[in-house]
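Asks: Can you build the whole structure from these sequences, using the hints too?
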Amino acid sequence: MDVLIQSEVFDAGAELNRFSQRAANNGAGAVVSFTGLVRDLADSPLSRMEIEHYPGMTERAIEAIRAEAVTRWSLSGALVIHRHGQLAAGDPIMMVATAAPHRVDAFAAAEFLMDYLKSRAPFWKKEVTAQGASWVDSKAEDEAALDRWA
Amino acid sequence: MDVLIQSEVFDAGAELNRFSQRAANNGAGAVVSFTGLVRDLADSPLSRMEIEHYPGMTERAIEAIRAEAVTRWSLSGALVIHRHGQLAAGDPIMMVATAAPHRVDAFAAAEFLMDYLKSRAPFWKKEVTAQGASWVDSKAEDEAALDRWA
Amino acid sequence: MQLEVLYFAWVRERIGVPRETVQTEARTVADLVAELTTREERYAAAFADLSTVRVALDQTLSGFEAELAGVREVAFFPPMTGG
Amino acid sequence: MQLEVLYFAWVRERIGVPRETVQTEARTVADLVAELTTREERYAAAFADLSTVRVALDQTLSGFEAELAGVREVAFFPPMTGG
Numbered sequence: 572m573d574v575l576i577q578s579e580v581f582d583a584g585a586e587l588n589r590f591s592q593r594a595a596n597n598g599a600g601a602v603v604s605f606t607g608l609v610r611d612l613a614d615s616p617l618s619r620m621e622i623e624h625y626p627g628m629t630e631r632a633i634e635a636i637r638a639e640a641v642t643r644w645s646l647s648g649a650l651v652i653h654r655h656g657q658l659a660a661g662d663p664i665m666m667v668a669t670a671a672p673h674r675v676d677a678f679a680a681a682e683f684l685m686d687y688l689k690s691r692a693p694f695w696k697k698e699v700t701a702q703g704a705s706w707v708d709s710k711a712e713d714e715a716a717l718d719r720w721a
Numbered sequence: 572m573d574v575l576i577q578s579e580v581f582d583a584g585a586e587l588n589r590f591s592q593r594a595a596n597n598g599a600g601a602v603v604s605f606t607g608l609v610r611d612l613a614d615s616p617l618s619r620m621e622i623e624h625y626p627g628m629t630e631r632a633i634e635a636i637r638a639e640a641v642t643r644w645s646l647s648g649a650l651v652i653h654r655h656g657q658l659a660a661g662d663p664i665m666m667v668a669t670a671a672p673h674r675v676d677a678f679a680a681a682e683f684l685m686d687y688l689k690s691r692a693p694f695w696k697k698e699v700t701a702q703g704a705s706w707v708d709s710k711a712e713d714e715a716a717l718d719r720w721a
Numbered sequence: 033m034q035l036e037v038l039y040f041a042w043v044r045e046r047i048g049v050p051r052e053t054v055q056t057e058a059r060t061v062a063d064l065v066a067e068l069t070t071r072e073e074r075y076a077a078a079f080a081d082l083s084t085v086r087v088a089l090d091q092t093l094s095g096f097e098a099e100l101a102g103v104r105e106v107a108f109f110p111p112m113t114g115g
Numbered sequence: 033m034q035l036e037v038l039y040f041a042w043v044r045e046r047i048g049v050p051r052e053t054v055q056t057e058a059r060t061v062a063d064l065v066a067e068l069t070t071r072e073e074r075y076a077a078a079f080a081d082l083s084t085v086r087v088a089l090d091q092t093l094s095g096f097e098a099e100l101a102g103v104r105e106v107a108f109f110p111p112m113t114g115g
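Protein chains in written order, with the working numbering: chain A, 572 to 721; chain B, 572 to 721; chain C, 33 to 115; chain D, 33 to 115.
Treat the hints as calculated values from the structure; they're not laboratory data.
Model, not experiment: these values are computed from the prediction.
Heads up, a few of these hints could be off.
Said to hold, decoys possible - With the Cβ distance kept under 8 angstroms, some of the chain B side facing chain A (calculated, not the full set):
(1) N588
(2) R610
(3) L612
(4) R674
(5) E682
(6) A715
What the hints assert, rightly or not - Here chain D is said to cover these stretches of chain B; the calculated rule only asks that three of the stretch's residues, wherever they fall, bring their Cβ under 8 angstroms from a Cβ of chain D:
(7) 684 to 698
(8) 701 to 710
All C-beta atoms, glycine included, are put in the ideal place defined by N, C-alpha and C.
Replies: In structure tokens form, the structure reads like this:
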């Protein structure tokens, strides 16, 4: 499975090893991974993060992004895992892994996947503290990051 | 330890998890890893890869590169592992991991470390097949990749 | 025309339901938004600043000028914050 | 002046030893290379095309024009192929 949308926690290291093993058999010399972690907040400790998603559209959007990456770069593999539901500080939120014969392709594809996941995959993060809950604002710089792939 | 030069094989997934755990405690929201694998050859199966290094200078060069990355970007951590000696096809050769509050810094630092390790850390790869052994040529594009950090 | 209309994140919270079936003759998304806004205050609150609302038609990102003919599922939500 | 001179990869293979102690009055790296080249054919073979040879002085990358005063360890090797 190359796209996993799940509420369960995942083991990024185990996923990376499984992915690299398959990629090596497929001609990869370079594997890049990105893991997003729930950051604690500076002002008020985070009780939890809640991630809402749009079932159905999430899978479609991520598959489309992944297919675009496979078209643009010479890849030996591409993996996306993204959680929804309730997460604790320090938890992995999501991961992307890309493999290619050469490092330039693996890095570019991983950054491309991340830029699109940030602004084009239907997830919404909410931070819950003892003081209350607030939706995470989207960032103009994340939207702007898409321009470099246009 | 943030720089490991060793002949022993390493477990990239276990290293990534250990690194991420520490980085999360240090404010990281983004972790990027790169793993280089011994690729098999198209024409003649690889018997083994031999990596020669310059003990002493290797550690100095990598520490200098790592210190430069920590100066340039806001990082929660940076790890370099590089093997020398005899490696088999599919083996991990080396890994880099970077952690930062934000993904842009983690990606940039990982690419910077890789570009410098490729051309400025004193390692030399030799590919051994049933037909004989040959030193891997350096690539003009690897040298050129350094220009973007000038 | 009968549409399934879905709401997510703070759009959902303001409207108070995650989804509903809407009977409408609206031609475009903008027409549908205008129609809902006049129905009840909670819709007006959700759609007060459309620059902060995104729309998907049948699970594909779209625009407010898009036509609704043939569409079955409309979703409104804030800019996404995945990754 | 006494220098520890190290060779790596195919430079080492051509010269036949990984390191040696050299007595020399060479002022620069280029002078040292010229002196070694005249000594024996194996040095001439290793230094035939200096565009493919790199040098480090006391474990820091340097150039052929660099002076040797105060240096203890000189290393010659091909362009690096790490990563």
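Asks: Does each hint hold? Answer for all of them.
Replies: Going down the list of hints, with the structure as the test:
1. N588: 4 angstroms, holds
2. R610: 4 angstroms, holds
3. L612: Given a least distance of 11 angstroms, the restraint on L612(B) is violated.
4. R674: 6 angstroms, holds
5. E682: This interface hint holds because 6 angstroms falls under the 8 angstroms limit.
6. A715: This interface hint is violated because 11 angstroms lies over the 8 angstroms limit.
7. 684 to 698: Coverage by chain D holds here, the residue count being 11 at a Cβ distance below 8 angstroms.
8. 701 to 710: The restraint on the stretch 701 to 710 of chain B holds, since 4 of its residues have a Cβ under 8 angstroms from chain D and three suffice.
This entry does not satisfy hints 3, 6, going by the numbered hints stated previously.
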